[in-house]
Amino acid sequence: MSEMPIFIHAFWRTGSTYLWKKFRDRPQYRAYYEPLHEILIKPEGAILAELSGGDRAALRHPPIDEFYFAEFPFRENGGVECFEKRFSYENYCLDEDKEDEPLRRYIANLIAHASRHGQRAVLQFNRSLFRLGWLRRHFPSVNILLLRRPADVWRSVLSFADCSFAGVFYILLGQNRAKPPLCFLPEWTSIPCFAGETIDRDYAFYRPAVMQNVGKLYPAFFDFYVTATIQAASLADCILDIDEISANPQVCKLAEKRLAELGAAIAMDDCRVPSERGVSSQTSEWLAYEDFARVLLPHLLPRSISINYEQLLSHKAMLGEYFWNLLLDFTDRASPGARRLSEIARTAAPTNYMEGVRLLSAHQSEEACHRFSDALRGKRTRELWRHWAAAQSMCKRPLLAELGHRQAALQGAATESLPR
Amino acid sequence: MSIGKHIAQREDQVGFGTPSAWAEDLSALGVQRFCEHTVGESIRLLAAALRLEETAERWNDWATAQLARGAAAESEYGFRRALEIDPRNSQAAANLGTMLAGQERHLEAIHYLEIALPGIADDQRVLLNRVLDHCRGRASDSGATEPASSRHERT
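So the protein lines, in turn, are chains A and B.
Letter 296 of the first sequence, counting from 1, is numbered 295 in numbering that gives the first Met the number 0, and no numbers are missing.
Letter 87 of the second sequence, counting from 1, is numbered 86 in numbering that gives the first Met the number 0, and no numbers are missing.
Hints are computed from structural coordinates only; laboratory data are not their basis.
The C-beta atom is built at its ideal place from N, Cα and C for all residues, glycine as well.
Hints should not be assumed to be uniformly reliable.
What the hints assert, rightly or not - Selected chain B positions facing chain A (Cβ under 8 Å, derived; list incomplete): (1) R43; (2) E53; (3) A71.
Throw the hints in and build the complete structure from the sequences for me.
As structure tokens, this is what we get:
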């Protein structure tokens, strides 16, 4: 196990740079920073010029001695050996069974490069959550999943005025929207699919839409993050809940112990991740969406996106309540009990719809929201979405109301009207 | 205390366990959360337990929690599922009968209340008899007749 490369899988703004630096600071590891970063197509000098000293502070990253990508084998004529532009986003959703020889060769080259220097490779990915199965199949490896509460992640994403992180998330969604598992998620915002010859053309194409829609992206992000988390958690050797590690010394010790068992001993007692506990009207709407999505997503996603309870139990001691509860909603989704619960949701949809209409007329809008949400688990029709949107509007949740009306419009006039 | 930590403590006592034992743990916590009035969490825990292992008692608990959050349709199907698994489950029959009585579905209520009565705990019998009398009165006022199945069930 100690010879196997270590793969860290995380979304942006989750403390992954902190974790990467822990490995970089130890000479036995060659810790590659974001090996699927689009910037790696550029010459080393150009990257150095782009990443001036001020950027590190702006990114709120820990101090580093050398530039982020110093460990990579750059070609003399520019770019990292074997790296291709499409690796970053166009191939973000990569099925375990698919072949991608150029990507395999690129990763294998990084591992071999570390080995040539007498080091163990650590690859800290921020673009791998839907490729974890593929990576595991092609490379015997230790896979660490790093999690942070999605509302905190998104708050951090939005704190960048240039929308840089929201922008690359938009590219990721646009280029993968039609692929499983993202194709099963609700289309909360219209994102075209475009992949230009260069990443700069992709940035330019998506930028106007990002600037226009950035305030409405949380539902799409949450759906994405939950789906990715379930799929990655079902395959990871170790799940690090950064919020819990940061707040709870006992969990920090357990995490260090688990990593040591996997041959990846590091100390994390200095881990401090900011977390906002105050609830603004925006956050409150995000949390209302989370409650709704946790009801709806189990009825939209294929049953293969599941984690079995035994697996979840093996990670339990290191998970905070938030991620434990979240993952618990997606356990054993192919079991007879799970099928029965889905069947009940379908059968109960008409009654829930009618009850929702009654409650809405009686101005009991929160209760009506619950009934319409329950009904949407069973069936999603134009009328149902319209009523759900109306109830959200009465609850003063304008973003959810807008998204509901959008879904109603997407259903189109041809859709059968109501579940009966 | 978090759910994860509660389960961790139990495991320290009983070992890593089996799916049945995990489902039992999740159910117990689900019931505990229900008693603490955190109904949403209770439903999630009971649903996770049902995905591991279905039992009549568990469906009955899940349906009871659904009823508490106003989801009458889910609740009815949950109680019916409990009775599919164990047709003599007195608690599920009593709950379903009482719920149907509340919806003024008197004939259906009578059927389930009569199934429930022989096996129900003494502290619930008085109340169930009262509900049953009420349903019978309302059914006879409306001129409806009892279903043959319920006459057959009577002891």
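Structure-based check of all given hints:
| no. | hint | result |
| --- | --- | --- |
| 1 | R43 | holds, 6 Å |
| 2 | E53 | holds, 5 Å |
| 3 | A71 | holds, 7 Å |
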